[in-house]
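The lines below spell out each chain.
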Amino acid sequence: MELSYTVAVLIIPVFMFLFLGIVGVKLSKKTAGILGTLAMGVTTVIAYAAAFTYFFGTEQGQVIDGVRQQLTVLDLTWLEFTKNLVIKIGVLLDPISAMMLIVISTVSFMVHIYSLGYMDGERGFQRYYAFLSLFTFSMLGLVLATNIFQMYIFWELVGVSSYLLIGFYYTLPAAVSASKKAFIVTRFADLGFLVGILILSFYTDTFDFISLTSDPQAAISTAGGATFLGCSVMTWALTLIFMGGAGKSAMFPLHIWLPDAMEGPTPVSALIHAATMVVAGVYLVARLFPIYAVDVTALEIITVVGAFTALYAAAVACVQSDIKRVLAFSTISQIAFMITSLGVASPELHHGVGYMASMFHLFTHAMFKALLFLCAGAIIHAVHSNEMSAMGGLRKYMPICHIAFLIGCLAIAGIPPFAGFFSKDEILVAAYAKSPIWGVWLSVVAGMTAFYMFRLYYKIFWWNNPDYGHHTPHEAPMTMTFPLIFLGLVSIVAGFIPFGEFVTSNREVYEIHLDWTVAGTSIAIAVVGIALATVMYRKENNLPEQLANRFRGLWTAAYHRFYMDELYQFITHKIIFARISKPIAWFDRRIIDGTMDLLANVTNSASFAVRRMQSGSVQTYVWFYLVGAVAVAVITIICLI
Amino acid sequence: MDYSQFLYMPQELGLLVVFLLVFLFDTFAPKRSQSALPVLTAVLFGIFTVCNYFMLMRGTAFEGMFENTAATFVMKSILNVGVLIVIIQSIKWSNSEAMAIRRGEFYELLLLTVFGMYLMISARHFLLFVIGLETASLPLAALVAFHKKRYESHEAAAKYMFTAVFSSAVFLMGLSFVYGLFGSLYFSDIAYQVMNNTSAMLVVALAFVIAGIGFKLSLVPFHLWTADVYQGAPTPVTSYLSVISKGAAAFAFMVVMVQVFGAAYSKVWEWMLYAIIILTITLGNLFAIRQRNIKRFLAFSSISQAGYIMLGVIGGNELGLASLMFYVLVYIFSNLAAFGVAFAIEQQSGKVSIDDYNGLYKTNPWLSFTMMLAMFSLAGIPPFAGFFSKFFIFTSALECGEMSNYILVLIALINTIISLYYYLLVVKAMFISPDDCSIARFRSSCGERVAMIVCVFGIILTGIVSCIYTFLVEAAQDGTTMFGLLN
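Chains H and E supply the protein sequences, listed in that same order.
Take the position in the first sequence, starting the count at 1, then add 778; the result is the number in the numbering used here.
Take the position in the second sequence, starting the count at 1, then add 316; the result is the number in the numbering used here.
Do not rely on the hints blindly, as some may be mistaken.
Stated by the list, open to error - With the C-beta cut set under 7 angstroms, the calculated list includes, among others, these residues of chain E facing chain H: (1) Ala414; (2) Thr479; (3) Ala485; (4) Leu488; (5) Ala516; (6) Pro537; (7) Phe538; (8) Trp541; (9) Trp587; (10) Tyr590; (11) Ile594; (12) Leu736; (13) Ala756; (14) Cys762; (15) Val781; (16) Ser782.
As the list claims (entries may be wrong) - Which chain H residues face chain E? A few, computed with CB under 10 angstroms, are given here: (17) Thr855; (18) Leu969; (19) Cys1096; (20) Val1400; (21) Phe1402.
Everything labelled a hint here was simulated from the structure, so no lab data went into it.
Quick caveat, the model's predicted, so the values are computed rather than measured.
No residue lacks a Cβ here, since even glycine has one placed at the ideal position from N, Cα and C.
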């Protein structure tokens, strides 16, 4: 097959990971960084070539009757589990995976370049590049997977490399606990994913995406009428699989790990926690979308979870004071937009516009959110703090960063002609088509987005001029500004890509028509949000504080992220650890050991000579043993009767 | 008697040859060359393990008391790999001053217990099975007591001895019930009669039989000896107990329960097994969370691992057997890697607390790396072998598609999350705790390093190289009449 060279995008990063991981310490920092970046550059070129050949190639079999085909360009049998259940490893090219190739390789390449400047002088620079390569490899493997099992393996690998990268500053306790939190929360979600896979494969006898999605009706009906707790088994399977996606994509209530993950290096946040890994959940639902489209219940769950998360995260983002946390919650909110968009998509409504809109927004969001994070990194680099209070008036000191950040803000707020406007508009169209409730809901969230992004913008670049003392902030080096300029340009033009020609739910060409009623409303709302932010934050004043005092309860609750973390803390520490683990450990130490000790002491005083051999413990052990054996028998007999 | 029957037991004979050579060397070799004994044992056993590959012989001997199939052959080969790693691991230790005078006994007793395990696996008559069980258990008591000058070692040995003897007594009582019910101790005779018999007597007999083997597997509630013995015994013996002895018991359990009592499964011991599995996995996990001593920690973790192994029995078919064998193989690599690191550190610095591992990454990166892989594999994180073994064993348990099995697997899955927490505690201590490490940088001995490297390769490759699993499935399907009576 012509496109089989695509597999190189997996081989190069994994080779770089091994190379930098094993001999990296022997190289100088500079060599390691440049080698890693060059390898990523080559990967990017190959990924672009593959995606362009896929979209524009004229080879026979790529497009049949106006429908883009899904091409399996590499297919190896890895394990025959049973005759029907065969696990394969391969590379699948279809519109969404080709699009993800572009997103991942672009952002990853930019982050590689940016890190040359940002991570300069850090300990473990070589290790950092090795981990970046590992992450890129896993993420590309995830999107190119031909079957759900392969996807799951790469899914976990992505989790592992994200764990390693968040905990990169392993000397900081906060980074360490954040990496652990991220790992455990997403692993917990993956539990659902795995159970979902097991159920799905059990009924359909296949892991393969193409055979699962080519005839979704048949796949659903294989379960027959099997139900569990009132829902059909397939709904359970799909909901559980979505649970895995919700964990990675930080949907409420599994979002708690993402804000903490900001403890990692900022380029990592840009790559993993803004552009690539966190959209894996969206990608997963999109991948299995034909099946979801048949199962209305699962799709409704997805819509509700997405819509709620969008509002929740936007509300929290309005009052945070750490710039990376504002961006983190804004990411959660934007991903929730994509999820909701998938939830409201159905083939009957405008040819499944929601699906196209979701993927479109994924694409543009990856670009401008990576841009915003990289700008945030440059700012943090300049003022050595994450807190907004340490910033202000930076427009004079960092002009390039200022312009780039402004472009990012305009794009996310949905002002034409920036990229976010076009994709968000399509999402709103899809939402209004499904139900006005979701439309209005998302419009409100879009207004909040404009408000909190410009709050952030003004607080950083305008507001007041704090005394910077000797450390006058200055523009970042070229390695860091180049990615900003590049991504800024992309954020301006990406909206004009005729996305409907490339990615649609039925893979047929779909013409995008701007619906000016919806577009006009959303522009108006965005402008109102921006105007409000301008009034409140352009110059230093006490209006925000007055408002915060007026709505003290709401403000505090939002500032504390509506106490979700405290709730988790309470459940894990107060209930699971304290009520279950501790008593058991106590039981082990006091009752079992204590009984032993007591018996030992009694025997001890009775017979000094044989005290060790006669230590009471063995008797107790044997006693337990016998009781256990008899109990097993008695219980079984009772059950049998 | 037809002596050619002995040819049906090539692996047993090979093992005896190794044992005799070691014994002769120990007895007659001049004093100054005695220190070559551990290496000699390792080499001989290594050759045996490799030759083993060509020793597949199917057939029965001694009036059907002994049977070799592809499945038993594979089980024994898997055990050999583990034993070889343990032998290599302990080379330096057994040459240390305190041990030097008794190193011969150490290896001889070790090889004898392997012989007992072989008999357990291949026995098709309960008499032979009991002989195997005892041969595999009693020498271990001597091994546990091997630290002559350490009090804990003796206490552990005494505890092990008493519990082992007691469990044998219970097991034999169960067997006498079985004999009373069926009038025979041949597996095949019993298997045909079990179908028509679900009396309370059979339940009691089965409970006692399960208790007897459950002792070796340290299933809850027959596990109480485990933590104390693991902690007190010399570390190579602990790793042997927790991996080899347990693996052999798991194989024997599968063979006995499925082949002999398979017909009574759904009627009698299905729920028994469910209860034991849930208890074993959950309690093992919950106890492990709070352990600070690495050996006690691994003891409880190995208890819960035993519970996962038992899931293979639930499947009760070729897939279950293959998954069980695969699980044991992966478990051998993962747990021996963990014990290898713990052992190297204990040898060097005498430190056994997890708190002492704080910051180990800075002083001993390779040891930390090995330990991390072992923990990831035990916790079942892809793409390490532990994930695949868990996946296979869960799928095999789900294969028959009963709702009760779903719930069981769900509980097991929830437990993997709990276990992830405490396995990560160790990783966290090594990699990210801020303290300066109390363990100085050191170079572990050659044998320890070889053993660890083998384990690391095992952890990374067993999962990915899929032909191993395919091979096990084929072996499980080959000529076994074992599953005919189940379902």
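Double-check alanine 756 (chain E) for me: the hint is only fine if its C-beta lies closer than 7 angstroms to a C-beta in chain H.
Not OK, violated: alanine 756 (chain E) not within 7 angstroms of chain H, min 20 angstroms.
Return the status of the interface hint for threonine 479 (chain E): holds when the least beta-carbon distance to chain H is below 7 angstroms, violated otherwise.
holds, 6 angstroms
Would the stated hint for tyrosine 590 (chain E) survive a check requiring a Cβ distance to chain H of less than 7 angstroms?
violated, 10 angstroms
Tryptophan 541 (chain E) as an interface hint toward chain H, with CB separation required under 7 angstroms
holds, 6 angstroms
Is the interface hint satisfied for leucine 736 (chain E)? The criterion is a beta-carbon contact with chain H at less than 7 angstroms.
holds, 6 angstroms
How about phenylalanine 538 (chain E): closest beta carbon in chain H under 7 angstroms, or not?
Interface hint status for phenylalanine 538 (chain E): holds (6 angstroms vs cutoff 7 angstroms).
Closest C-beta approach of phenylalanine 1402 (chain H) to chain E relative to 10 angstroms, hint status
holds, 5 angstroms
Do the numbers back the hint for alanine 485 (chain E), that is, is its least Cβ distance to chain H under 7 angstroms?
violated, 10 angstroms
Grab the minimum C-beta distance from cysteine 762 (chain E) to chain H and call the hint holds if it beats 7 angstroms, violated otherwise.
This interface hint is violated because 21 angstroms lies over the 7 angstroms limit.
Does cysteine 1096 (chain H) meet its interface restraint, that is, does its C-beta lie within less than 10 angstroms of any C-beta in chain E?
Hint on cysteine 1096 (chain H): violated, closest Cβ of chain E at ~33 angstroms, above 10 angstroms.
Holds or violated: valine 781 (chain E) as interface residue toward chain H, Cβ cutoff 7 angstroms?
Since the shortest Cβ distance to chain H is 10 angstroms, the answer is violated.
At a threshold of 7 angstroms, is the proposed contact between alanine 516 (chain E) and chain H supported by beta-carbon distances?
Alanine 516 (chain E) check passes; min Cβ-Cβ to chain H is 5 angstroms, inside 7 angstroms.
The structure fails hints 1, 3, 4, 10, 11, 13, 14, 15 and 19 (numbered hints given earlier, in ascending order).
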